[in-house]
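Asker: Sequence:
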Amino acid sequence: MDTKPFVFGIAGASGSGKSLLVSNVASEFTDGTVAVLREDSYYLDQSHLTAVERSRINYDHPSTFEHGLMVQQLRKLCDNQPIETPIYDYKSHTRSPKTALLKPARVVLVDGILILTQEELREFFDVMIFIDAPLDACLIRRIQRDIKERARSLDSIINQYQSSVRPMYWKYVYPSRDHADLVVTGGGNNWKAIDLIVNKIHRLIE
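Numbering-wise (the working numbering), the sequence shown opens with residue 1 and increments by one.
Keep in mind that the hints were calculated from the coordinates and are not lab data. Careful: at least some of the hints might be erroneous.
[What the hints assert, rightly or not] List of simulated lysine-lysine pairs, DSS-like, C-alpha gap at most 30 Å:
| no. | residue 1 | residue 2 |
| --- | --- | --- |
| 1 | Lys76 | Lys103 |
| 2 | Lys200 | Lys98 |
| 3 | Lys76 | Lys98 |
| 4 | Lys148 | Lys192 |
| 5 | Lys171 | Lys148 |
| 6 | Lys91 | Lys148 |
[To be verified] Across the chosen pairs, the derived CB separations fall in these ranges:
| no. | residue 1 | residue 2 | range |
| --- | --- | --- | --- |
| 7 | Ser27 | Ala137 | 40 to 50 Å |
| 8 | Lys91 | Leu196 | 27 to 37 Å |
| 9 | Arg54 | Tyr172 | 13 to 23 Å |
| 10 | Cys78 | Ser163 | 34 to 44 Å |
| 11 | Asn159 | Lys76 | 16 to 26 Å |
| 12 | Ala51 | Trp191 | 25 to 35 Å |
| 13 | Ser27 | Lys148 | 36 to 46 Å |
| 14 | Ile158 | Asp31 | 36 to 46 Å |
| 15 | Pro134 | Ser23 | 37 to 47 Å |
| 16 | Arg54 | Val127 | 28 to 38 Å |
| 17 | Tyr174 | Leu101 | 32 to 42 Å |
| 18 | Ser55 | Asp195 | 37 to 47 Å |
| 19 | Asn199 | Glu123 | 38 to 48 Å |
Predicted, not measured: the structure shown is a model, and the values here were computed from it. Built from N, CA and C at the ideal position, the CB exists for glycine as well.
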């Protein structure tokens, strides 16, 4: 594989359906054609802090991500080199000592709440997509996810939403919508949008 992969950047609010849309697209290609890179993997390790200190961090601010490493690794992917992505534990807010191998592919799907806020990342994206979903729907999805997958209490989820998730959405995430080439409504199960992306990928790999 000598040519640079085609890279989609897919952003939106927490709970908007970004990851679901990416998973729905990627599931159409099981032959290694599509690689998925998630911004969440690049949360900074907080193992040096106490549990109380970790709970006070604003995880929706750009400073909580190691975007520099993400840029380096995306550059390697675009040079058709494999990378070892970090593995992040949401429950403990720490990085695993292990990593996950991600092999180069013809198409790379990158998703995350803040990826369109980062100029160095935007330079890699051939198409930028913003998932525009009502914030009340995002909150409901976030509550369902965090209780089921991250063993969090309802009070902690709501407190975090009010103190950081919603304010950071309006300060950083929503303004990055202006960079998008395509705005998708309806969340991760918008099959018209999914079919559009899937068909684009099929044309790219023909």
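Asker: Check each numbered hint against the structure and report the violated ones by number, ascending.
Answerer: 2, 7, 11, 12, 13, 15 and 19
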